[in-house]
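Asks: Protein chains in written order, with our numbering: chain A, 1 to 302; chain B, 1001 to 1302.
Read the hints as simulated data drawn from the structure, not as lab findings.
Be aware that a few hints might be false.
Claimed, not checked - In silico contact screen, one side only, chain B against chain A (beta carbon under 7 Å); selected entries:
id, residue
1, H1040
2, L1077
3, R1079
4, V1082
5, A1094
6, L1097
Glycine included, every Cβ here is placed at the ideal spot set by N, Cα and C.
There are 2 protein chains.
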Amino acid sequence: MRIVELSGGVGGARLARGLAALAQVDLTIVVNVGDDAENHGLAICPDLDTVVYTLAGEAGPHGWGRRDDTFIFNEELARFGVDNRFRLGDRDLALKLFRTRELEGGQPLSKVTATIASRFGIEPTVLPATDDRLRTMVRIPGGWVTFQEYFVERRHEDEVLELRFEGGMEARPAPGVVEAIASADLIVIGPSNPPLSIWPILAVDGVRAAIASHARVSAVSPLIGGKPIKGPADRVMQSLGLPAGNRGVVAAYEGLIDRLAIDESDRDDAGDLEGVVDVLITDIMIKEQAAATSLAATLVKQ
Amino acid sequence: MRIVELSGGVGGARLARGLAALAQVDLTIVVNVGDDAENHGLAICPDLDTVVYTLAGEAGPHGWGRRDDTFIFNEELARFGVDNRFRLGDRDLALKLFRTRELEGGQPLSKVTATIASRFGIEPTVLPATDDRLRTMVRIPGGWVTFQEYFVERRHEDEVLELRFEGGMEARPAPGVVEAIASADLIVIGPSNPPLSIWPILAVDGVRAAIASHARVSAVSPLIGGKPIKGPADRVMQSLGLPAGNRGVVAAYEGLIDRLAIDESDRDDAGDLEGVVDVLITDIMIKEQAAATSLAATLVKQ
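Bound conformation, chain A alone:
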């Protein structure tokens, strides 16, 4: 069975690991690059790295970064007055530096990502949504800021008034993205922040249309009891004018999904949603690998 998952960071990555654990699944993960940034001259791709590390069983304790990493380099930066709020682990740094050098050498991000994935022995195909430059810009009450400034430096405390996907209009899908979507038996939108993590993928020319024309697109809600497991999804959705809770998730994916997986604890939402989309009521809390695999199996079987 061919599955394509659209993924942001931690939640999407965990679901990807669940899907990858299923027998006879040919998995492609199309990953958000809107959070990408340059930090200390290094090419930072937070979501791609989280997906790779998670699939390799090498993700850090909070879902991001490398397991068993150290932060000697990052601490030492403070001596030079260098902003080190974006915490780069020593082990993680090797990947960042390898990628930076390869990109500077002219390799496209999708190729570099494939090399990195192979170095971690990962079987699924991990694709950036685009090889072109695409940057999520966030308008907060003080004006437009980069995603990293909003998320890391300002700790996603500001109200998000508007999003813009810089380069989105010109960005072409990375080789294989549209082909994987077109030939997939099932598309899964991971439990990622819809506006901040999934919309940038959909902003890439041709991706939204490819998803919209697909017959089977399931999304996994990033909300349980109206709140995300982590991050500011509920606040961002609200300030962007989306309805609260799972209705907001459906609205964020209007015209794209035919099914939404919601948590058992939110079964009361189902009545409200049925008629717009199919509702799959299951356990969507996937902090552990077993839960992720179980959710993946449920998505595939039903």
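With chain A fixed as given, assemble chain B onto it according to the hints.
Replies: Below, chain B without anything else, positioned relative to chain A:
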């Protein structure tokens, strides 16, 4: 008393720390940049860093790199098939990255070095010989290679047939270098490899002439019993056609020095050298700070 030391890496750095420990000494260290390289896109200045770390009491156990450093990043590079023979410590990496960014931002190396030195609370003035690009090229039986290839990758095992200081003809002294030499009461050439560490400094336009016209220039021999404490100085000097032992050191600095400090164990060399230069017989083994300070005091007093 104003002193200028010309220095390569470990030996020169240790003497610098000894000189810095003397009361009422105004010390400027002019440091070799011929070993500088780009590694993983980072600006590597081995001798400048050894001098800074040594003066800060932060040098690694073998004289180079940072004390108490870890090599997590360096080890992880192997996963990506990246050449990691030039070992970069995690703590050390922060300095390298800071320098790289500052240079890319248009700061000259001398300014960046001053900033780094101040961040380590170092009082002496540490100057690169030049802000311009100067690279020591080494001809080995297989052809011309960079200093780093000769020294690190090929472990200085090849015979050195010829040296070339690429950029040396055009390189201008860094601001303050010639001024410091001209106004110094004493010039000390540290116990560094004469051809590999000191000649590149002398290759910078105007530096050789400034040293040659100075009345008091002492060199400290890098050899004890004809052998260096570390490194290939004796073999390099031999293959470049210089006489063996301390006669070779004097020949390497012909027309520049008026005095050579040699080790007590080499006092038999004195007869051979007197008449060409003054000879100061003392303990020149300076692995420990106390010995370095003692040698520095002897150089200054006599």
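Asks: Tell me, in ascending order, the numbers of any earlier hints that this structure violates.
Replies: Nothing - there is no hint that the structure violates, so all of them hold.
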